[in-house]
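Numbered according to the working numbering, the sequence shown spans residues 162 to 511.
Hints are not guaranteed to be accurate.
[Said to hold, decoys possible] As a list, the in silico DSS-like pairs of lysine-lysine whose alpha-carbon atoms are at most 27 Å apart:
#1 Lys253 <-> Lys239
#2 Lys239 <-> Lys307
#3 Lys310 <-> Lys359
#4 Lys253 <-> Lys241
These are computed hints drawn from the structure, not numbers from a lab.
This one's a predicted model, so the numbers in the text were calculated from it and none came from an experiment.
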Amino acid sequence: MAGLVRNKSFAADARRMLPVIGMVVGTAVVSAVSIQWLAVSHLAAATAAHPDACRIAEMNRAVAENLMPDIRAEALAKAKAASDPQALGRMKGDERVARVIQELSRALELCPARDQLHDAIAVAYWYDGNVAMTHYHLGRGALLRKKPKEAVVQLTLAREADATSDLPLIYLALARKESGDQDGAAALVRDNTPRFEKSADGLIVAGRIIADTGDSSRAIQLLQNGLLLRPSDEDGVGRLTDLGTRTNRFRETADFLLSLDSDGRRTVPSALANAASLYRRAGNLEGEEDALRRALRLFPNSAVLNFELAVNLSKTNRRSEARDYLRRAMEYSRPITMQLIRERGIDPSL
162 MAGLVRNKSF AADARRMLPV IGMVVGTAVV SAVSIQWLAV SHLAAATAAH PDACRIAEMN
222 RAVAENLMPD IRAEALAKAK AASDPQALGR MKGDERVARV IQELSRALEL CPARDQLHDA
282 IAVAYWYDGN VAMTHYHLGR GALLRKKPKE AVVQLTLARE ADATSDLPLI YLALARKESG
342 DQDGAAALVR DNTPRFEKSA DGLIVAGRII ADTGDSSRAI QLLQNGLLLR PSDEDGVGRL
402 TDLGTRTNRF RETADFLLSL DSDGRRTVPS ALANAASLYR RAGNLEGEED ALRRALRLFP
462 NSAVLNFELA VNLSKTNRRS EARDYLRRAM EYSRPITMQL IRERGIDPSL
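Using the sequences and the hints given, assemble the complete structure.
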């Protein structure tokens, strides 16, 4: 399946621009090793939770990519005419650059965990002369590649370029946490609490950081508040599920996750699947069944979800319906279903 970045033009621009950024803002030039990670030209396919989102994002990325040759050529021509090799900001205010940023921003909304989309939008901001957002997106890309120390450098530069923007602050705290500086991360949250509590990003990141300080109740509240603002946040769902499990708050966490699928809000299937698992841990078969049925409305072809509902129904003596769901699970993936049967010690005849 095709990735989101088919050619290397964005990556090539990024390799050219990084040393320039270092000179423009008076910082050290990025090393050749750190530049190499921008050259990767393939992204993973759509995520299981959002089977169409990243394919739709590809359309936005393609529009942006098609605009880049003319932007690049004109920027270089301007730099050459000025006898100035630094092309940062040469296309500031250009409608084509604005369109690239718009299309890539839409792609990031659909496919947020894609590091190379962050690289691509960093290139666009570089042509537009926005140093803060260039460093911010390079930092986000580094975080997604699990290079937190690189992310700390980039996000610190983003904050130096624009101290009023909340996002560089939020993700600098996360980068510090991921690089092992838990105290520094917690201090950023403590000293800037109102700024973290303004957005889903800030609340979820703060929840992750506060969880490591041992204040589970506060961390859960932060994560829940973040998910109320953005019910489709996969990371927030996963972190809340993990914390609820570790603190034995199975029923409360499951109830909250299930509530995200109400009042017209759009959550992710993992929230419903996790709610089902938590209800099962709490011994609440009715809650588990409700969550599984809701999840199956989103992913009817999931062998795992069909299997889990079959087991749930068998426990309440609805064996005929249970066998129907087990049959569906086998049809969708016999190997996965047989593995689950072995792991759970289930009688396949139910």
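Going through the hints against the structure:
no. : hint              : verdict
1   : Lys253 <-> Lys239 : holds (12 Å)
2   : Lys239 <-> Lys307 : violated (37 Å)
3   : Lys310 <-> Lys359 : holds (26 Å)
4   : Lys253 <-> Lys241 : holds (17 Å)
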